[in-house]
Structures are given as structure tokens and as C-alpha cells.
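Chains D and A supply the protein sequences, listed in that same order. The first sequence begins at -13 in this note's numbering and counts up one residue at a time. The second sequence begins at 15 in this note's numbering and counts up one residue at a time.
Quick caveat, the hints were computed from the structure, so don't treat them as lab data. You may find that some hints are simply not true.
Claimed, not checked - Part of the chain A face toward chain D, derived, beta carbon under 10 Å:
| hint | residue |
| --- | --- |
| 1 | Lys56 |
| 2 | His58 |
| 3 | Thr211 |
| 4 | Arg291 |
| 5 | Thr341 |
Claimed, not checked - Here are the simulated lysine to any residue pairs, SDA-like style, with alpha carbons at most 25 Å apart:
| hint | chain 1 | residue 1 | chain 2 | residue 2 |
| --- | --- | --- | --- | --- |
| 6 | A | Lys56 | D | Ser109 |
| 7 | A | Lys38 | D | Ser109 |
| 8 | D | Lys110 | D | Glu72 |
| 9 | A | Lys374 | A | Ala300 |
| 10 | A | Lys56 | A | Pro229 |
| 11 | D | Lys(-11) | A | Lys56 |
| 12 | A | Lys322 | D | Phe28 |
| 13 | A | Lys38 | D | Leu22 |
| 14 | A | Lys383 | D | Asp81 |
| 15 | A | Lys38 | D | Ser(-1) |
| 16 | D | Lys92 | D | Thr104 |
| 17 | A | Lys38 | D | Leu31 |
| 18 | A | Lys38 | D | Lys92 |
| 19 | A | Lys383 | A | Lys233 |
| 20 | A | Lys322 | D | Lys110 |
| 21 | A | Lys343 | D | Leu31 |
| 22 | A | Lys322 | D | Glu30 |
| 23 | A | Lys343 | D | Leu22 |
| 24 | A | Lys233 | A | Glu185 |
| 25 | D | Lys110 | A | Lys38 |
| 26 | D | Lys(-11) | A | Glu185 |
| 27 | A | Lys343 | D | Ala85 |
| 28 | A | Lys56 | D | Glu21 |
| 29 | A | Lys56 | A | Arg379 |
| 30 | A | Lys38 | D | Ser54 |
| 31 | A | Lys343 | D | Ala52 |
| 32 | A | Lys97 | A | Ile39 |
The C-beta atom is built at its ideal place from N, Cα and C for all residues, glycine as well.
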Amino acid sequence: MNKVPTELKYVNSHEWLRLEADGTVTIGITDHAQELLGDVVFVELPAVGAQLDADATAGVVESVKAASDVYAPIAGEVLEVNVELEAAPELANSDPYGAAWFFRVKPANVADLEGLLTAEQYSKEIGA
Amino acid sequence: MESTMTATPKTTPLYESHLAAGAKIVDFAGWAMPIHYGSQLKEHEIVRTDAGMFDVSHMCVLDITGTEAKDWLRTLIANDVEKLAFDGKALYSGMLTPAGTVIDDLIVYRTYYGYRMVVNAGTADKDIAWMLKQAEGRDVVLTVRRELAMIAVQGPNAIEKACKVLHEEWESTIKGLKVFQGFPFGSVEEGWFIARTGYTGEDGLEIMLPADEAPLFWKALLGAGVAPIGLGARDTLRLEAGMNLYGHDMDETITPLQAGMGWTISWEPADRNFIGRAALEAERAAGVAMKQVGLVLEGRGVLREGQKVVVAGIGEGVITSGTFSPTLKHSVAIARVPAATGDSAQVDLRGTLTDVRVVKMPFVRNGKKVFA
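Bound conformation, chain D alone:
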């Protein structure tokens, strides 16, 4: 059974988003995504300062089995990327909602989050 924390937002391409107290948004891949990928061996993250459009490719996650693009679910400027995840990609398997966050953005429009999937909707989407 895949974990789908209720306090997060989701998109169909299996990224999660967390609105932080300071108005920034942290983005990662879901438990379901890491299970589909299997053992993650490389992670490529966007450049700090990059302006990402919604649905733009923001990085790559490679497992033993497959390579998969990571998308920016909302438009925004990349403020910070998780360099620890680059050094230890296996965190994506062990702690997808915690230590394995991918990047943090300053959203172009924080209201963009409202249109995204709730935990309940995403659970239905993945048949969890």
C-alpha cells in the first residue's frame, strides 16, 4: 500500500507539493512513483535560479530499471535543490516525502496549488 500523506497536493505525473509557512513550495516524487521505478540510482535536479513553467521538465530520476522525467507541477523560480539527494539517490526509495524532497520553488502564483489533486483524489488515481 503506497503512502499518500493528506497534507500534501499531488499531480498525475506522481509529484507531490507542500506549501511551506514562508509561502515557498517543496516538490518531490510520491511513494507510488518510487515503487514503480524501483531502486533509484541517479537524480538530476534543476539549476537554482531557473524559472520553470508549469509542466516543464525539471529533472530526471533514474532507477536500475528506467529513466523518468520529473516535472514542475506549477510555475515558479527554483530557490533550492536537495544536494543530499543527488549524493544519496536511494533516499527517494526510503523516504520519498521527507529526506528525498527534490527542489523548492517560489511559486509564480500560489493559487496554482488549488487546482491540483488532493490526497484523496490522487489515491483514487493510483488505485490506492
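Starting from the known structure of chain D, fit chain A onto it as the hints suggest.
Okay, now just chain A, sitting in the frame of chain D:
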């Protein structure tokens, strides 16, 4: 990894054992097989450092008897069973079309009753149809041994641990087996057949046994500290060992000369007219255009099957199998490239031409890096 979805995948006698061990099951060539039991990387490491076991019961075992069995095999496959000087010796070979392309790769054992052959799961039906056609009018009897299960126990501690749960009186015989030797233990009807072969680049055994005895034997091996290993790790292990996977590194469009299988063709004696010989001789005379090599990417990224290989000033090739190597911690691949390729090339890695080194395989043997 081949994944053909069928309505009801076949199951091996160990299917329930896999579920009990927490396996993730996938459809592999029409068989419901374990891809991993949690982590492919951990399973890979266990085989390189200790002992693991694979359910390979989906592979097809055939016994070949009849007065013409030997003569028939000498025309059926590209390697020569005449080289099997005594009962228990085995060889690896391609079975070829008249055009010299690979129908399947297989192992043949010489036994006291004739020969035993092990072929791939996904190709078994076409192999059998081809062999039956070739056997028409000959005194050759093919017996498909679907009632047998097969378990591969692989790793530096594999033979030691397997012997703990096998009959004590078999131990000295098993430990006396040389690589690529195997024979029946007990009578052939009882069904036990143990060989020192494998598909991982590690020492180990492949054990054929009656299907109804397989779950208990599997459980005994678990008890002896042999970990269950899925097909995912089987693929990364064989790739590190530089071993071909049928349907990926070769198939009916590729000759053994282009697939690193030249060593399996027995050219002498020149009058042994095996199927495909004329085509291979013509190819060799004209100059073989493509060769199989290993590719190494020491930087980031993973080489994958189907990616284009670019050799500056020479031509293009293709990756036939690629993965992240858990032992080396970087990517390696098997590729088919122009024969004139030197020691470097580039791979189209998701739109970026990336430099790779061209090396002689294998990449890993007995737990250690072996290429230069």
C-alpha cells in the same frame, strides 16, 4: 527484460513460495515471475558476496535420445557436441537458422542416456517446433521435461550452502564438479540433475528437480541462508558478467558473429555441415560488419537498451542491453557497433551525445571488476 502480457500467465511450482517471500510478481514471457523481493540492488549484492537463489523453472528442459541423437545435434547447433568427451560435460551454443541468425542460445549436457538441453522460456515453443521439424525421419526422441523445476543457487558461498541441504553422500561429487559439468543424481527418472553452471558470473549450481519437491527444497535453502533473488537482479548480474540475453543482445535478425558468440561456433571439422554454416562462412569471408563490445559510462546517467551509439568517422551502432551496474556503481552496456570501432564512442543519452569507453567484456567476474 521481455514482458508480454497474456490473459493467464503460467506459474512455476514455486509461485506460492515467491508470494510468501514478499515478491513483486511480473509477467515475463508469459510466466508470472518474481522481479524482486524488496530491493533489486540488495539482491544483486547478495549474489556477488554470499549466496542467492533464482527460480528458473520457466526455462525448458529437454532430453534427447535415440541412436541418431549425437549426429542430429551436430547439425542442429553451431557448437559441436563431439567436443563433449565424457558424460557430464556441457557446452553453450546457438541454434541457428539457415541464414545463420540465432533461433535461441542453449546449454547441452552429455549424459549416460543421451543429451539434456536447457533452452529459454520465451523461445521454448518455437525451439521445440523447429527441433521436431529437424528430427523428422531421424531416430531422435525429444522429451520435454515440464515436470521438472529448476533452481539456480549462485554466489561465492552458494555451493557450500546448497550442499548443507542436499544429500550428504552427494557432497563430494558436487564439490568435484568442474565449471560446465553436470549430471543426474540418482536415476534420471527421479529427476535430480545438478550442474556447475549459471548466469551471474559467480560460482554456483543449477539444480533441476521434480516440481513437487521444489517448494520444500526452496524452503530448506532459505533455512541455510540462501536469499531469494528476482529476475531484476538476474538481469544486472548477467549484464555485468557480459552474458547475452536472447531477444535483446541477439535474435533471429543477428548472427552469432555479430553478437559476441563467435567462440561458440565450432568451425572444425570443416565437413560438419551444421545449420547456418554456409551463411556464416559467407559472412566471415565478406568481413563481419558489426561486433559486440562493452560500453562503460563512468559519469552520471544510465545506458539503456535501444540507445544509439555514434562512432565518429566510422558509423553507428546500438545498445542491446544497458543498466546501472550495482557492483561498479556506474552504468555499463552491451552494444553492437561497427567492426572498426576503437576504444571510444558516444551514446545518445536522452538527446545528449555522451562519451563512453569501449571495453572488452566481461565487466565483473567473481565479485571483481575485470575490464581495463
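Here's how the hints hold up against the structure:
The beta carbon of Lys56 of chain A comes within 8 Å of a beta carbon in chain D, closer than 10 Å, and the hint placing it at the interface holds. A distance limit of 10 Å between C-beta atoms decides the matter here; for His58 of chain A the minimum to chain D is near 9 Å, and the interface restraint holds. Hint status for Thr211 of chain A: violated, given a least beta-carbon distance of 25 Å to chain D, over 10 Å. Contact between Arg291 of chain A and chain D, as hinted, is not supported at the beta carbon level, the nearest pair being about 39 Å apart and thus beyond 10 Å.
A distance limit of 10 Å between C-beta atoms decides the matter here; for Thr341 of chain A the minimum to chain D is near 12 Å, and the interface restraint is violated. In summary, the hint linking Lys56 of chain A to Ser109 of chain D is not supported, as the alpha carbons are separated by about 29 Å, beyond the 25 Å threshold. For the hint linking Lys38 of chain A to Ser109 of chain D, the alpha-carbon distance of about 20 Å falls within 25 Å, and the restraint holds. Note on Lys110 of chain D and Glu72 of chain D: the hinted pairing is violated, with a Cα-Cα distance of about 31 Å set against a maximum of 25 Å.
Only pairs whose Cα atoms come within 25 Å are accepted, and Lys374 of chain A paired with Ala300 of chain A is accepted, the gap being roughly 24 Å. Pair hint Lys56 of chain A plus Pro229 of chain A holds up; C-alpha atoms about 23 Å apart against a cutoff of 25 Å. For the suggested pair Lys(-11) of chain D and Lys56 of chain A, the alpha carbons sit about 23 Å apart, so the restraint of at most 25 Å is met. At most 25 Å may separate the alpha-carbon atoms for a hinted pair to count; Lys322 of chain A and Phe28 of chain D meet this at roughly 21 Å.
With a C-alpha separation of about 11 Å, the suggested pairing of Lys38 of chain A with Leu22 of chain D holds against the 25 Å cut-off. The straight-line distance between the Cα atoms of Lys383 of chain A and Asp81 of chain D is roughly 31 Å, outside the 25 Å bound, and the hint therefore fails. At roughly 22 Å between alpha-carbon atoms, Lys38 of chain A and Ser(-1) of chain D fall within 25 Å of each other, so this suggested pair holds. A distance of roughly 21 Å separates the Cα atoms of Lys92 of chain D and Thr104 of chain D; the hinted pair therefore holds under the 25 Å criterion.
Proximity of Lys38 of chain A to Leu31 of chain D is assessed by CA-CA distance (about 29 Å); at most 25 Å being required, the pair is judged violated. Only pairs whose Cα atoms come within 25 Å are accepted, and Lys38 of chain A paired with Lys92 of chain D is rejected, the gap being roughly 39 Å. Taken as a hint, the Lys383 of chain A and Lys233 of chain A pair is broken in the structure, with Cα atoms around 33 Å apart against an allowance of 25 Å. Of the pairs offered as hints, the one joining Lys322 of chain A and Lys110 of chain D is violated, with about 39 Å between alpha carbons and a cut-off of 25 Å exceeded.
Our distance criterion of 25 Å between C-alpha atoms is met by Lys343 of chain A and Leu31 of chain D, whose separation comes to about 20 Å. About 21 Å separates the Cα atoms of Lys322 of chain A and Glu30 of chain D, which keeps this hinted pair within 25 Å; it holds. At roughly 21 Å between alpha-carbon atoms, Lys343 of chain A and Leu22 of chain D fall within 25 Å of each other, so this suggested pair holds. Of the supplied pair hints, the one linking Lys233 of chain A and Glu185 of chain A holds, its CA atoms being roughly 19 Å apart against a limit of 25 Å.
Restraint check for Lys110 of chain D and Lys38 of chain A: the C-alpha separation of about 21 Å stays at or below 25 Å, so the hint holds. Of the supplied pair hints, the one linking Lys(-11) of chain D and Glu185 of chain A is violated, its CA atoms being roughly 48 Å apart against a limit of 25 Å. Between Lys343 of chain A and Ala85 of chain D the CA atoms are separated by roughly 22 Å; this keeps the pair inside 25 Å, and the hint holds. At roughly 15 Å between alpha-carbon atoms, Lys56 of chain A and Glu21 of chain D fall within 25 Å of each other, so this suggested pair holds.
A threshold of 25 Å between alpha carbons decides the hint, and for Lys56 of chain A with Arg379 of chain A the separation of about 18 Å falls inside it, so the pair holds. A threshold of 25 Å between alpha carbons decides the hint, and for Lys38 of chain A with Ser54 of chain D the separation of about 20 Å falls inside it, so the pair holds. Taken as a hint, the Lys343 of chain A and Ala52 of chain D pair is honoured in the structure, with Cα atoms around 16 Å apart against an allowance of 25 Å. Taking the CA atoms of Lys97 of chain A and Ile39 of chain A, the gap is about 40 Å. The hint is violated against a cut of 25 Å.
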